[in-house]
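Undergrad: Residues per chain are reported as follows:
Number of protein chains: 2
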Amino acid sequence: MMRGDRPIDQELDHLRERLLYMASLVERAISQALDSLVKPDVELARRTIEADREVDQLEVEIEEECIRLLALRQPLAGDLRFISRALKITTDLERIGDLAVNICERALELAEEPPLKPYIDIPRMAEMAQSMVRRALEAFVRKDVELALQVCRDDQVVDSLEEQVFRELLTFMIEDPRTVTRAMRISFVSKYLERIADHATNVAENVIYIVEAKDIRHGAYEEQAR
Amino acid sequence: MMRGDRPIDQELDHLRERLLYMASLVERAISQALDSLVKPDVELARRTIEADREVDQLEVEIEEECIRLLALRQPLAGDLRFISRALKITTDLERIGDLAVNICERALELAEEPPLKPYIDIPRMAEMAQSMVRRALEAFVRKDVELALQVCRDDQVVDSLEEQVFRELLTFMIEDPRTVTRAMRISFVSKYLERIADHATNVAENVIYIVEAKDIRHGAYEEQAR
Chain A
40 MMRGDRPIDQ ELDHLRERLL YMASLVERAI SQALDSLVKP DVELARRTIE ADREVDQLEV
100 EIEEECIRLL ALRQPLAGDL RFISRALKIT TDLERIGDLA VNICERALEL AEEPPLKPYI
160 DIPRMAEMAQ SMVRRALEAF VRKDVELALQ VCRDDQVVDS LEEQVFRELL TFMIEDPRTV
220 TRAMRISFVS KYLERIADHA TNVAENVIYI VEAKDIRHGA YEEQAR
Chain B
40 MMRGDRPIDQ ELDHLRERLL YMASLVERAI SQALDSLVKP DVELARRTIE ADREVDQLEV
100 EIEEECIRLL ALRQPLAGDL RFISRALKIT TDLERIGDLA VNICERALEL AEEPPLKPYI
160 DIPRMAEMAQ SMVRRALEAF VRKDVELALQ VCRDDQVVDS LEEQVFRELL TFMIEDPRTV
220 TRAMRISFVS KYLERIADHA TNVAENVIYI VEAKDIRHGA YEEQAR
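Here the protein sequences come in this chain order: A and B.
Take the first sequence: its letter number 216 is residue 255 in our numbering, and every next letter is one higher.
Take the second sequence: its letter number 203 is residue 242 in our numbering, and every next letter is one higher.
None of these hints come from the bench; they were simulated from the model.
Computed from a prediction, not measured in an experiment: that's the story for all the values here.
C-beta: ideal position from N, C-alpha, C; glycine also.
Among the clues, some could well be false.
Residues from chain A that keep clear of chain B, each with C-beta distances beyond 10 Å, as calculated [claimed, not checked]:
| # | residue |
| --- | --- |
| 1 | GLN113 |
| 2 | GLU144 |
| 3 | MET212 |
Which bits of chain A does chain B cover? Going by a derived footprint, with three or more residues having C-beta under 8 Å, they are [to be verified]:
| # | stretch |
| --- | --- |
| 4 | 121-128 |
| 5 | 217-226 |
Working from the sequences, and respecting the hints, build out all of it.
TA: This is the structure in structure tokens:
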């Protein structure tokens, strides 16, 4: 297929740009949410929560763009798959934005108490989740199956880190009940990061769908990923 | 618009039926997950986890049906909005199925330890979440805005219950460190139910979108809902 030959190509390029821009916003939200937690920085947490509005607005706009393309251009085959998946991806990106907000909310609560311990695994999880979001979107716009499979594999690493954080927090709580409230809030942050990684994985799985027109969701990809 | 006049009407009816059927499966999964937790019933938990495969399969099939309709029927206006939202609703239903599986996983872990206390708020949350799923789907297929707004309002009740459960579990953990592991697992169950209610709310918000062609997501509905 020659690029740029049809009127729809320009519109699809615009759609790709908007998705990448939306992804860049949620990536920044993840990184700011983590900074606001680790420093802690109450002002940054508040600003990051506020900035989520733009992400919400973008979801609505991108959806409208997808529906307009479906209605006016009546795309077929590959384009149809791409647009119908873009519609799903905006939902994943919007949820990632919400989860970054949830991290900020916990950061605000945790900032009012003395630190439990230095954060080690949580920043690692956050960096990984953030990079998964970026690569999943890159894989989607470039239709790069290899990169998408890499994201699916990373999800398993984030899951193990989450398990590890959970177990460590349990020992804190059992040894000293005064840590319970803080440890619970930190365990939620770790859960949020795990869910961000899940959403990035959803995005990546769409790539394999649009490229190979087959559905690797629901665990079927795991064999390939190993 | 006269129903049944156009070939697409029958196909849309079929799509509605499939969505309702998928919703009935996830409703049953929520109720069985709770039974497996409260009794506890390890066998039921395992069967419910196993049954999620059918939900996963349905998501794939309904998506294919939506994309086929978009491609072959080139629907306009109301039908286009309905199909593009159906595409999103299957994702919400599939995630609800996953969350029911997560409840079963916690139920299996909790079944190995003595009960912490009788479950009171969690079954209430589960009944509410289950009823929200049913009404959200009914509202969607019947295009019933009033019913959809009712679901959005109920979400606030589930959120308060979740808060209440969380605080109660904190006191358990602080008073007796031996309860920490169990209390954490129960708090996750309560989070899962809150997220099921969120997904039901997402479905309900789509109704207002397709009926009034405006977007009430991202908090804008709250004024209406009060």
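Undergrad: Each hint: holds or not?
TA: The hints, checked one at a time:
no. : hint    : result
1   : GLN113  : 5 Å, violated
2   : GLU144  : 13 Å, holds
3   : MET212  : 5 Å, violated
4   : 121-128 : holds (count 3)
5   : 217-226 : holds (count 5)
Taken one by one, the earlier hints fail for this structure at numbers 1, 3, listed in ascending order.
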